[in-house]
Amino acid sequence: MAGLLAWRNLAHDRARLLVTLVGVAFAVALVAIQAGLFLGFSETATTVIANTRADLWVAAKGTQNFETPSPLGEREYYRLRALPGIADAEPLVVQFLPWRRPAGGDEGVIVVGFDTASGIAGPWRTLAGAVADLRRGDTVAVDRIYLDKLGVRGVGDQAEIAGRRARVAVITDGIRSFTTSPWVFASLRTAREMAGLREGEAHYVIAKVAPGHDPDAVLAAARRALPDALVLRSEQFATRTAHYWIHSTGAGAALFTAALLALVVGSAIVAQVLYATTVDHLAEFGTLRAMGAPARFVRGVIAWQAVIAALLGHATGAALALLAARLSENSTALVVVPLALAAVLFFVTLAMCAAGSVVAARKAATVDPALVFQR
Amino acid sequence: MAFGEGTAQVRALDGVDLDAHGGEMVALMGPSGSGKTTLLMVLGGLLRPQHGAVEVLGKAVTGQSDADLRALRLRRFGFVFQGYQLFPALTALENVALALELKGRDRREATALLDRVGLAARRHHFPAALSGGEKQRVAIARALAGDPAIVLADEPTAALDTANGRAVVALLREVAAEGGRAVVMVTHDPRAGDAAHRVIRMVDGRLAA
Numbered sequence: 001m002a003g004l005l006a007w008r009n010l011a012h013d014r015a016r017l018l019v020t021l022v023g024v025a026f027a028v029a030l031v032a033i034q035a036g037l038f039l040g041f042s043e044t045a046t047t048v049i050a051n052t053r054a055d056l057w058v059a060a061k062g063t064q065n066f067e068t069p070s071p072l073g074e075r076e077y078y079r080l081r082a083l084p085g086i087a088d089a090e091p092l093v094v095q096f097l098p099w100r101r102p103a104g105g106d107e108g109v110i111v112v113g114f115d116t117a118s119g120i121a122g123p124w125r126t127l128a129g130a131v132a133d134l135r136r137g138d139t140v141a142v143d144r145i146y147l148d149k150l151g152v153r154g155v156g157d158q159a160e161i162a163g164r165r166a167r168v169a170v171i172t173d174g175i176r177s178f179t180t181s182p183w184v185f186a187s188l189r190t191a192r193e194m195a196g197l198r199e200g201e202a203h204y205v206i207a208k209v210a211p212g213h214d215p216d217a218v219l220a221a222a223r224r225a226l227p228d229a230l231v232l233r234s235e236q237f238a239t240r241t242a243h244y245w246i247h248s249t250g251a252g253a254a255l256f257t258a259a260l261l262a263l264v265v266g267s268a269i270v271a272q273v274l275y276a277t278t279v280d281h282l283a284e285f286g287t288l289r290a291m292g293a294p295a296r297f298v299r300g301v302i303a304w305q306a307v308i309a310a311l312l313g314h315a316t317g318a319a320l321a322l323l324a325a326r327l328s329e330n331s332t333a334l335v336v337v338p339l340a341l342a343a344v345l346f347f348v349t350l351a352m353c354a355a356g357s358v359v360a361a362r363k364a365a366t367v368d369p370a371l372v373f374q375r
Numbered sequence: 001m002a003f004g005e006g007t008a009q010v011r012a013l014d015g016v017d018l019d020a021h022g023g024e025m026v027a028l029m030g031p032s033g034s035g036k037t038t039l040l041m042v043l044g045g046l047l048r049p050q051h052g053a054v055e056v057l058g059k060a061v062t063g064q065s066d067a068d069l070r071a072l073r074l075r076r077f078g079f080v081f082q083g084y085q086l087f088p089a090l091t092a093l094e095n096v097a098l099a100l101e102l103k104g105r106d107r108r109e110a111t112a113l114l115d116r117v118g119l120a121a122r123r124h125h126f127p128a129a130l131s132g133g134e135k136q137r138v139a140i141a142r143a144l145a146g147d148p149a150i151v152l153a154d155e156p157t158a159a160l161d162t163a164n165g166r167a168v169v170a171l172l173r174e175v176a177a178e179g180g181r182a183v184v185m186v187t188h189d190p191r192a193g194d195a196a197h198r199v200i201r202m203v204d205g206r207l208a209a
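Quick mapping for you: the protein sequence lines, in order, are chains V and B. Mapped onto my numbering, the consecutive letters of the first sequence carry residue numbers 1 to 375. Mapped onto my numbering, the consecutive letters of the second sequence carry residue numbers 1 to 209.
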């Protein structure tokens, strides 16, 4: 009966119930979207590393993230290639460069130059064109999400990168950049020419470990062979990059703070509404106490109200977050809301509503039963 | 029983000595402010007297804790309030079922209780759809949940017309007789007083001669 009374008291005032649900749903959606942005940022920040089929990465010492490396000479490439246990090694160019739109105006892009023959690196999802098309001089791959930003419409369109002609030969599908600068994939030769690098210069050397060899052992050997370079396994470099963008830049803290504020706001809304509902029904709680109902029953009614608010608010908020995630698929900021996140968020919502019900529960449980006899 | 301090102190009850027996309906009557409702609350363990003692079914309850008094109210008392105090969001049946559940009884007894007060046909109606007399009869059915030994009724006919008031008082008298219950009723209504087995008049917190 406590649950029934709780639901009926809440539903009795439709407008107030709506306010409660909007408040909880808003908080849930905001927390889910903040968490989804965090997951999206983490995924986007490491997407090129994660989709490059390399086991080892060699970079200049002190490299903090994938997007801002320092140049490497040829020595690292040859030393790594010569190590036992390395099946293949190749250079990778990663350089911020200016993109001039056909209609005028500049955008910053990150050019990624790779070996078009090996298949280790390069774009992994294409909508139009093929990776092999990038072997032709001055050809590039751009993503459909950034076509408007780059001022091009599709394959065949031309622009300029660092003063050199860039012809769109491939359109990729949903390869986002964590920064505001889109990825532009090109052959190693094209990228070096655009970046003004000499033959043999690059920013990374990436390598595949040969079958049958222990990757950690090969990693250790590579570090001994290249003491002046940063040598990491692929997942280590991905973690390093994600950590830099999420934590060192404050982006993670901003997302966390926004999520925390959403929880506080949600709790405050629930608290205000449940308290107001309790005050409205104070005579009923007084009647219950006069009849001899234990305080735990009265608190149980309030607790049920909090549970109902959590259930309905979470369902609405989670639906909104999933919608936002769906809509983000065509935007530059990816929101990732896995079902596991939605499930965890339910318990967070429950805790939020429970916290919001504390004052109301106390008010209801301590009401003077003599209240019902007052004229 | 006094409220306040010093020159602002009000003696709501002063030297009151009464008893009520199973099977009888006692009417507490007197002008407003005479202490009738205060006495009712003392009897029901909702107020503690500063002096004197209260015994319920032969057992002293004056020194008991709030939790014990609450449990006693739940087990031994039924209440009928002036303003009905039904839960507006619950049907008549659910109002009675709630009381039964609190007292650890089967909720299915609610239909029989509503039948006892002549409202079985209205059991699925919300209080807003019931007349004043019907609401008070639902309240009486709720008060009877758990078969209490004592029913305390605070101005049960105050909001009712003559016919409904008479019907409610008659019902309370039957409730006293059939269950061997003590019914103590606070009332201004002289007709209610006429229907009681005994009338106790109060003035200024004292029993009137």
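Careful: at least some of the hints might be erroneous.
[As the list claims (entries may be wrong)] Taking CB as the label site, the calculated pair distances span:
#1 His188(B) x Ala351(V): 30 to 40 Å
#2 Ala343(V) x Asp66(B): 54 to 64 Å
#3 His51(B) x Leu260(V): 38 to 48 Å
#4 Leu311(V) x Asp204(B): 30 to 40 Å
#5 Val279(V) x Asp66(B): 20 to 30 Å
#6 Val279(V) x Arg105(B): 43 to 53 Å
#7 His243(V) x Ala71(B): 57 to 67 Å
#8 Ala67(B) x Phe347(V): 56 to 66 Å
#9 Ala276(V) x Arg108(B): 10 to 20 Å
#10 Ala120(B) x Ala351(V): 56 to 66 Å
#11 Arg105(B) x Ala258(V): 50 to 60 Å
#12 Thr162(B) x Ala276(V): 37 to 47 Å
#13 Ala343(V) x Gly22(B): 53 to 63 Å
#14 Thr162(B) x Leu371(V): 21 to 31 Å
Hint data in this document are derived by calculation from the structure and do not stem from the laboratory. Note that this is a predicted model, so its numbers are computed, not measured. For glycine and all other residues, C-beta sits at the position ideal for the given N, C-alpha and C.
Hints, one by one, checked against the model:
| no. | hint | in the structure |
| --- | --- | --- |
| 1 | His188(B) x Ala351(V): 30 to 40 Å | 52 Å, violated |
| 2 | Ala343(V) x Asp66(B): 54 to 64 Å | 42 Å, violated |
| 3 | His51(B) x Leu260(V): 38 to 48 Å | 56 Å, violated |
| 4 | Leu311(V) x Asp204(B): 30 to 40 Å | 55 Å, violated |
| 5 | Val279(V) x Asp66(B): 20 to 30 Å | 23 Å, holds |
| 6 | Val279(V) x Arg105(B): 43 to 53 Å | 31 Å, violated |
| 7 | His243(V) x Ala71(B): 57 to 67 Å | 59 Å, holds |
| 8 | Ala67(B) x Phe347(V): 56 to 66 Å | 33 Å, violated |
| 9 | Ala276(V) x Arg108(B): 10 to 20 Å | 35 Å, violated |
| 10 | Ala120(B) x Ala351(V): 56 to 66 Å | 44 Å, violated |
| 11 | Arg105(B) x Ala258(V): 50 to 60 Å | 52 Å, holds |
| 12 | Thr162(B) x Ala276(V): 37 to 47 Å | 39 Å, holds |
| 13 | Ala343(V) x Gly22(B): 53 to 63 Å | 58 Å, holds |
| 14 | Thr162(B) x Leu371(V): 21 to 31 Å | 29 Å, holds |
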